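Novice: According to the working numbering, the sequence shown is numbered sequentially starting from 28.
Read the hints as simulated data drawn from the structure, not as lab findings.
Small disclaimer: the values here were computed from a predicted structure and weren't measured.
Glycine included, each C-beta is placed from N, C-alpha and C at the ideal position.
Be aware that one or more of the hints could be misleading.
Straight-line Cα separation of at most 30 Å, DSBU-like style, residue types lysine-lysine; simulated pairs [unchecked claim]:
no.	residue 1	residue 2
1	151	113
2	241	151
3	184	42
4	151	57
5	42	113
6	98	42
7	111	57
8	241	274
9	98	111
10	98	113
Label pairs and their computed distance ranges (CB to CB) [unchecked claim]:
no.	residue 1	residue 2	range
11	197	68	30 to 36 Å
12	88	248	45 to 51 Å
13	55	248	50 to 56 Å
14	183	68	50 to 56 Å
15	239	57	27 to 33 Å
16	202	57	43 to 49 Å
17	183	47	44 to 50 Å
18	56	239	43 to 49 Å
19	153	47	31 to 37 Å
20	42	288	32 to 38 Å
21	240	106	38 to 44 Å
22	362	249	43 to 49 Å
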Amino acid sequence: MSFSRVFKSYYFQSKFSPDGRFLAVPYASKVIVYNPSPFQEVATFCNAENVDRTEWSPDSTLLMCVSLKRKFLQIWSLEDPQWKCKISEGPFGITGAYWSPDSRHILTVADFQIRITIWSLVDKSVHYLEHAKPSLPCLSFSSSGRLLAVAERRDSKDCVSIVTCDTWSLATNFVVGTEDLAGVSWAPNADIFCVWENPTVAFRLLLYSSEGLKLASYSLEDELVGIKSFSWSSCGQIVLLEDHNDKLILLETVTWSQILEHSLPDVMPDDSVAVHREIKQKQKLDQRPSSMKAQYKLLSELPVSLSKLTDSTSTGGLQVMSRTTFAQISSSGAYIARTSGKSRYYWFYFVLYTSQKVYYIVGTLR
28 MSFSRVFKSY YFQSKFSPDG RFLAVPYASK VIVYNPSPFQ EVATFCNAEN VDRTEWSPDS
88 TLLMCVSLKR KFLQIWSLED PQWKCKISEG PFGITGAYWS PDSRHILTVA DFQIRITIWS
148 LVDKSVHYLE HAKPSLPCLS FSSSGRLLAV AERRDSKDCV SIVTCDTWSL ATNFVVGTED
208 LAGVSWAPNA DIFCVWENPT VAFRLLLYSS EGLKLASYSL EDELVGIKSF SWSSCGQIVL
268 LEDHNDKLIL LETVTWSQIL EHSLPDVMPD DSVAVHREIK QKQKLDQRPS SMKAQYKLLS
328 ELPVSLSKLT DSTSTGGLQV MSRTTFAQIS SSGAYIARTS GKSRYYWFYF VLYTSQKVYY
388 IVGTLR
């Protein structure tokens with residue numbers, strides 16, 4: 028096994044381009060772009076201030092460097108190193124910046140969600156969107172890239188504006204059936220989208236067409252706390268919901284009915300599951316005795332207590348509800364990866380088949 032040379036980078040800030048051909052490595056105010064194979068430097072971009080976040084354009088030709096503290100961003104081109112662009116909202120500030128699907132427009136969110144500004148990198152035109160909800164995700168592009176849905180609050184009512192991306196003009200605006208809209212997300216296979224309620228209000232999900240027609244809804248009246256996270260499968264046939272009590276719910280998108288509800292059990296009672304535990308061992312690597320390597324051991328002694336495999340610190344209900352977790356369906360639709368709010372140190376991965384057989388891997392979060 029061969030390794031590249033060691034280079035400095037901010038924690039979790041290095042990013043591959045969407046086409047996988049480049050790796051952007053930010054450190055302080057400098058961003059170095061590498062060709063991963065072979066590992067060679069392609070370009071170096073020197074920004075005016077330290078870089079807090081980098082984002083590749085969807086076509087992998089432009090790189091956006093965001094300086095949140097100084098409230099501006101710079102855009103660089105790999106095809107033309109002499110070209111660059113600087114965007115600043117002045118006193119309005121910048122709390123977020125996003126690429127449009129065409130890679131030629133940038134959307135910036137001002138402090139306190141005062142407005143959303145759309146900047147053209149082609150003709151330098153500017154468009155504004157107001158009334159956006161003060162929460163994210165308040166923006167979502169359709170899979171075709173033709174439409175943009177913006178969650179808004181107008182006259183004390185939740186609304187969604189549909190904007191056409193070719194002219195950035197308002198196509199329609201309509202009221203949705205939420206009391207406090209928490210997010211909006213387009214389906215990956217059609218011009219329909221979901222909105223969901225703030226977790227403090229209710230466990231409620233609503234489906235709308237791009238014309239504003241309500242198509243379906245799903246709610247759980249017995250749940251005291253609402254949806255924590257929402258995601259589509261890549262085919263658009265399954266929706267994954269995560270609640271604040273560490274439970275996952277799968278919905279099929281034909282009748283919008285529940286097909287599976289799953290919570291991580293505390294004890295694995297029989298051989299219907301396979302549990303692997305990550306074991307760390309010291310190894311000698313490049314004369315560094317402190318290096319660690321990981322191996323996975325299949326646990327054969329059942330029942331297995333997951334709480335004993337994880338940290339011994341007790342986790343209260345409020346900690347489980349507030350802890351940041353992750354849940355997502357794989358691109359094939361056969362796997363689900365998630366973390367548990369009951370333990371901050373361990374990942375749980377499981378795969379669901381038609382037999383609903385579940386495989387767990389317990390590993391340390393780094």
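Novice: With reference to the structure, classify each hint as holding or not holding.
Specialist: Hint check:
1. Distance hint between residue 151 and residue 113 is fulfilled; the C-alpha atoms sit about 11 Å from each other, no more than 30 Å.
2. For a cut-off of 30 Å, the pair hint linking residue 241 to residue 151 is broken: about 37 Å separates their Cα positions.
3. Between residue 184 and residue 42 the CA atoms are separated by roughly 39 Å; this puts the pair beyond 30 Å, and the hint is violated.
4. Between residue 151 and residue 57 the alpha-carbon distance is near 26 Å, which keeps this suggested pair within the 30 Å criterion.
5. Between residue 42 and residue 113 the CA atoms are separated by roughly 21 Å; this keeps the pair inside 30 Å, and the hint holds.
6. Annotation: proposed proximity of residue 98 to residue 42 holds, straight-line Cα distance about 21 Å (limit 30 Å).
7. The straight-line distance between the Cα atoms of residue 111 and residue 57 is roughly 14 Å, inside the 30 Å bound, and the hint therefore holds.
8. Annotation: proposed proximity of residue 241 to residue 274 holds, straight-line Cα distance about 27 Å (limit 30 Å).
9. At most 30 Å may separate the alpha-carbon atoms for a hinted pair to count; residue 98 and residue 111 meet this at roughly 17 Å.
10. Taken as a hint, the residue 98 and residue 113 pair is honoured in the structure, with Cα atoms around 11 Å apart against an allowance of 30 Å.
11. Between residue 197 and residue 68 the beta carbon distance is about 45 Å. The supplied range of 30 to 36 Å is therefore violated.
12. About 49 Å separates the C-beta atoms of residue 88 and residue 248, a value consistent with the hinted range of 45 to 51 Å.
13. A C-beta distance of roughly 52 Å is found between residue 55 and residue 248, which places it inside the suggested range of 50 to 56 Å.
14. In this structure the hint that residue 183 and residue 68 lie 50 to 56 Å apart at CB holds, the actual value being about 54 Å.
15. Distance hint check: the CB atoms of residue 239 and residue 57 are about 47 Å apart, inconsistent with the given range 27 to 33 Å.
16. Between residue 202 and residue 57 the beta carbon distance is about 48 Å. The supplied range of 43 to 49 Å therefore holds.
17. Hint check: residue 183 to residue 47, Cβ distance near 47 Å, so the stated range 44 to 50 Å holds.
18. Between residue 56 and residue 239 the beta carbon distance is about 46 Å. The supplied range of 43 to 49 Å therefore holds.
19. Checked against the hint of 31 to 37 Å, the pair residue 153 and residue 47 passes, with Cβ atoms roughly 33 Å apart.
20. Between residue 42 and residue 288 the beta carbons are some 35 Å apart, a value that agrees with the proposed interval 32 to 38 Å.
21. Taking the beta carbon of each, residue 240 and residue 106 are about 43 Å apart, inside 38 to 44 Å as hinted.
22. Between residue 362 and residue 249 the beta carbons are some 29 Å apart, a value that contradicts the proposed interval 43 to 49 Å.
Hints 2, 3, 11, 15 and 22, counting from the list given before, are not met by this structure.
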